[in-house]
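S.K.: Use these hints to put chain X onto chain V, whose structure you have.
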Amino acid sequence: MINYMLLVSRQGKVRLSKWYTTMSQKAKAKIVKDVTQLVLARRTRMCNFLEYKDTKVVYRRYASLFFVCGIGQGDNELVVLEVIHRYVEVLDRYFGNVCELDLIFNFQKAYAILDELIIAGELQESSKKSVLRVVTQADGIEEQENSEDTMARLGSLGSRGP
Amino acid sequence: MWERTLQDLIRGLRANKKDESKFIAQAVDEIRTETRSKDMEIKAAAVLKLTYLHMLGYDMSWASFHVVEVMSAPRIHLKTIGYLAAAQSFQQDTDVLMLTTNLLKKDLGSRPEEVAIALNGLSHIVTPELARDLSPELVAMLNHSRPHIRKRAVLAMYKVVTKYPDILPSSMSRLRDKLDDPDPGVVAATVNVLCELAPQSPRDYLPLAPQLFHLLTTSSNNWMLIKIIKLFGTLTPYEPRLVKKLQPPITDLISTTSAISLLYECVRTCIIGGMLLGHAGNALARTCVTKLAGFLQDADQNLKYIALLAMVKIVPTHPELVAEYQDMILSSVNDEDISIRMRALDLVSAMVSRHNLQPIVQHLLSHLVKTESVALPSASEALSQFGPSQDIPAARLGGLPSQSPAYRLTLAQRILSLGSQDLYDNVTDFEWYISVLVDLAYVARVSIGAEIREQLVDITGRVRAARRYAVQVMAKLLGDESFLHNASDDGGCPEVLWAAAWICGEYCSELAEPHKLLSSLLQPRILSLPSDIVAVYLHAAMKVFGSWATELADRWDDDDLPRVRGVVDDVVGRLSSIVTHTDIEVQERAAELLQLFTFIRADLSAYKPQPRNTSMYGESSMSPGAEGFGEPSSTASASTSPASEPHFPKSLCLIRPLFGAYELNAVALSAQASLPIPEGLDLEAWIVPFKEDPTPLAGDATDEALEGKKGKKGKRKGGEKGAGKSKRKGKARARGGADDEEDQAVDGNGHDVVVQPVETEEERAERERRKAERLERLRDDPYYLMDDRPPLTKFGATDVESIPVVKLDDLPPLSTAIAPTARLPSLRSTPAPPAQTFVIDKTGEMPEGAARTASAPVSPQPQRPGVRVASPSPSYGTYGNGSRSRSATPLGASVAAPLPSRFPAYDLDADEPRPRTPEAIKVTKVKKKGTTGSGGGGKEKKAKKRTAAKPSESESLAQ
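Sequence order for the protein chains is V and X.
For the first sequence, full-length UniProt numbering assigns the number 1 to the initial residue and increments by one for each residue that follows.
For the second sequence, full-length UniProt numbering assigns the number 1 to the initial residue and increments by one for each residue that follows.
Just chain V, same shape as in the assembly (with noise of 0.2 Å):
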């Protein structure tokens, strides 16, 4: 399974987080230190995999940003290349183009579309498409939400919309 999936700019910024291994702060604050460093220093044509303590580090560079997702020592590398690129796939498709700036200012939109690719460090669905469609469903209910929102909010205040 994926310990954790990062994204980390190359300044060493990191973009997202997700740990699907419970750990303390201050384990993850070192783990993802080293491991920006290590993959910072990596450099093109090399192998997509590191090793890092006792698991196995993969990542892969987008652009600016390194995808990098930490696995145990018996799980298929090759696979979580897959997952990886299956992520940056749908954040494509969804964002049209993604660029970093859209996974600033939007992140929690990039958690939303990990968590329906990736549950418990599992790969949940492995279909662009249904990730996609369940996004942009969520999508459409909190326009609709906002909307009611705003025709609540007019109206009176007292009462909330179901």
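By construction, these hints were calculated from the structure, which means they are not laboratory data.
Warning: the hint list may mix true and false statements.
Stated by the list, open to error - Below are the DSS-like pairs computed for lysine-lysine, each with C-alpha atoms no more than 27 Å apart in a straight line:
(1) V:K109 with X:K17
(2) X:K313 with X:K245
(3) V:K13 with X:K22
(4) X:K17 with V:K13
(5) X:K17 with V:K26
(6) V:K30 with X:K22
(7) X:K291 with X:K244
(8) V:K28 with V:K109
(9) X:K22 with V:K28
(10) X:K18 with V:K13
(11) X:K17 with V:K28
(12) V:K33 with X:K22
(13) V:K33 with X:K18
(14) X:K163 with V:K30
(15) X:K163 with X:K105
(16) V:K53 with X:K163
(17) X:K38 with V:K109
(18) V:K26 with X:K163
What the hints assert, rightly or not - Some but not every residue of chain X turned toward chain V, in silico, with C-beta under 8 Å:
(19) L48
(20) H77
(21) T80
(22) I81
(23) S123
(24) R152
(25) A156
(26) Y158
(27) G185
(28) V193
(29) E196
(30) W223
(31) I260
(32) S261
(33) K304
These numbers were taken from a predicted model, which means no experiment stands behind them.
Ideal Cβ placement from N, Cα and C applies to all residues, glycine included.
M.R.: Here is chain X on its own, set in the frame of chain V:
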């Protein structure tokens, strides 16, 4: 709306790069007020901003209650924010988590959208309590009407099971049903979960094999196939019949699939699952290795990595298949990429054999050499005779990975472990290997010295044929000024000098001109070395001189006298500066050495050349032939017997016999065990039989002795009574009359208050009273220090509680303490027979006393940290001319006893244990240092960067 939105916050952060902390402090203040807002929208927005800041590393634990509030928002998009914040920030010990139980329950029973969010959130924040309380809902959720809820429920189930394993048995059947779910997504999720759970108790999952096998043969979902195959990899070791069943479909997959990740998983399962054995397995193994070799040549570095990783696992069963690709693998060791290098190193170490050890080690060594060839001329010089391969990739690499100390250390350790594998089984040429070790000491530049030292000493001890060469090389090393100079630097390996000094000292008979070494051994520069090494240097100097002087004495010529005097004066001069060394060990040795040499000097100056003494008389008493290693008796008699006045200064033979009496040999692994236990020694037995004590009437030998002891003691304490009371004591016991105060004292002291049925109530009271009295008396007796509390008077439990341990009387009585502590009082009342105590002490001081046998060369040396393979070094064993057989040698007393008789002239030798060279335990620190990377150059472009979403090299999974 005047509140800052998330976008505003992010823009503000980017605009205030210089004063970020101030900006954030201000923002957090705003958030603090916003979270108290009654408007859920504002609250949610504040929590979202906090979540963003949390990602940047700021604390948001203070807001966890507000997070729960947002989680309970009725609107789904706000709820999503709440759950996101919870998933990101809640820890297992977050106190508001217990408030979420009902919230989650409610959400799980709500609309599908909310259920989805709740399931997702639960998978993050689940604690054992939540898992326990929510598991009924979750299990029910497994049968939800919507497949995407079932799918989530299955995955959330995995988290819940890890937190609360008790739920597993009851939910297993439901999970199992999900393998037959009509929705393929649910099936895949279930396989995922099973794949994670199975390794904990694979047997429990064997019944699932038919279903899984069906899926394996029918499904075309590669994501799931990978997991199924991985799951089978876990199961096959527990059900060998699966192997036969799985071989056809897996072989089929390997040869047909285009997805490399699936192929890789198949290969790995074949290996882990033991499918490569047998005839059909061999064919499969060949297919696997061929596929992997294809990866090795691939331009994609990932495939190379994977191939190396998988090959490591095949090597143990099919080394010959992998060996075909040795060149390819060796070239991977040169890869620029550290990940690939490490994997290649692993593989290389796994495939090493007698035939390829030399090229492989030479190759690895060249990695260490190249960047150093300028800085350390001696290294390349030393290498030039052995390492023609050193020029291979030096320039091309630029040495980035080779420079990292962590990598160098790994490489050096790898070389050492390759050589020492199975006790140097793969080494065919030890002279070569010794030179490799020396080269390593020169070029490693990491602290690997302790390991090298172990091996050098070990090899010189074990391999007789290599000794001469080792001594030569070591003597050269000792004379190398630059090595000594660099030794104190970081990674200078000074420990190698320890080995060099020890080897030269111990085997100095192999040296042509040993006295020349003295100046290297005692040069002032050595004082910069760690003190344990200086101590060995001093010792080696003494041995070298001893050996040289004895040789000189054999062919004494009075013309030698000035030369010897010169050397001795020189040594004395050098020693006088070391005598003031701050380390006590060095100081002591130097002082001893100085005294010996002062004595020798005095003897030399007193010596008058006596031309007439160079007659046959001297020759006969000192036949040079008898002056062998380990044959000190002749020198002994020569230098001590006054009758045969030798023709050379007697003191020349002073030192040698101190060291040369025995040869040091590796001790067999079973040496200690094969020593017969001396008659009557039973370390398990209680020295004072605890139970037997009350019935001394039986009066066997031990009891008699004990009684005697007790009587004696009693006399000492009580003062007036006679010693021969043991009989009476017994009688007193037997009749139950408790007049005899002394007897009572002994009884009480022994704590043997096992209830005598004859003892009446008042007798006991009387006895207790006397005991208390006596204890009162003994309070100040130094021998009874441990027992300054009067024991409790209850029987049965008394024994436990009356033991010194009970000093901790605030603690509840320790029932486990009975066995060990019950012995203590008896120890006190009757010390062990002196002879036996002596034996134990003796063994403590003297290391293994087992004699060498050619058939048992393994020594059970404790491993030092950092040495992977046990590298036993010769311990200071006694080896008396091979005449004393090991099996007949009892430990201790009898070892010590025969020595003086065997070497009457040098009984000093037996009494005084060989001066032990101090153990130099160096903990090798493995610095885990990541390759330091710069932050990326800081050229962040403000412009949007397009993300290349479709990298060309990614292979895609057929869906």
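S.K.: Quickly compare the C-alpha distance for X:K17 and V:K28 to 27 Å and report which way the hint goes.
M.R.: The given pair, whose Cα atoms are some 24 Å apart, holds under the 27 Å limit.
S.K.: Would the pair V:K13 and X:K22 pass a check requiring their Cα atoms to be no farther apart than 27 Å?
M.R.: Roughly 19 Å between the alpha carbons, so the hint for V:K13 and X:K22 holds.
S.K.: Hold the hint about X:A156 up to the distance rule: shortest CB distance to chain V must be less than 8 Å.
M.R.: 6 Å, holds
S.K.: Does X:K17 lie within 27 Å of V:K109 when you go C-alpha to C-alpha?
M.R.: 25 Å, holds
S.K.: Straight-line Cα separation of V:K30 and X:K22 no greater than 27 Å?
M.R.: Judged against 27 Å, a Cα distance of about 25 Å means the pair holds.
S.K.: For X:K18 and V:K13, compute the direct alpha-carbon distance and say whether it is at most 27 Å.
M.R.: 16 Å, holds
S.K.: Verify the proposed pairing of X:K17 with V:K26, using a straight-line Cα cut of 27 Å.
M.R.: 25 Å, holds
S.K.: When the nearest CB of chain V is found for X:T80, is that gap smaller than 8 Å?
M.R.: 7 Å, holds
S.K.: Hey, V:K28 versus V:K109, does the alpha-carbon distance stay inside 27 Å?
M.R.: 22 Å, holds
S.K.: Would you mind confirming whether the straight-line C-alpha gap from X:K291 to X:K244 stays at or under 27 Å?
M.R.: Between X:K291 and X:K244 the Cα gap is close to 21 Å, so the pair holds against 27 Å.
S.K.: If you draw a straight line from the CA of X:K163 to the CA of X:K105, is it 27 Å or shorter?
M.R.: Since the Cα atoms of X:K163 and X:K105 sit roughly 18 Å apart, the hinted pair holds (cutoff 27 Å).
S.K.: Close enough to count: is the Cβ of X:V193 nearer than 8 Å to one in chain V?
M.R.: 7 Å, holds
Hint check: no violations occur; every hint is consistent with the structure.
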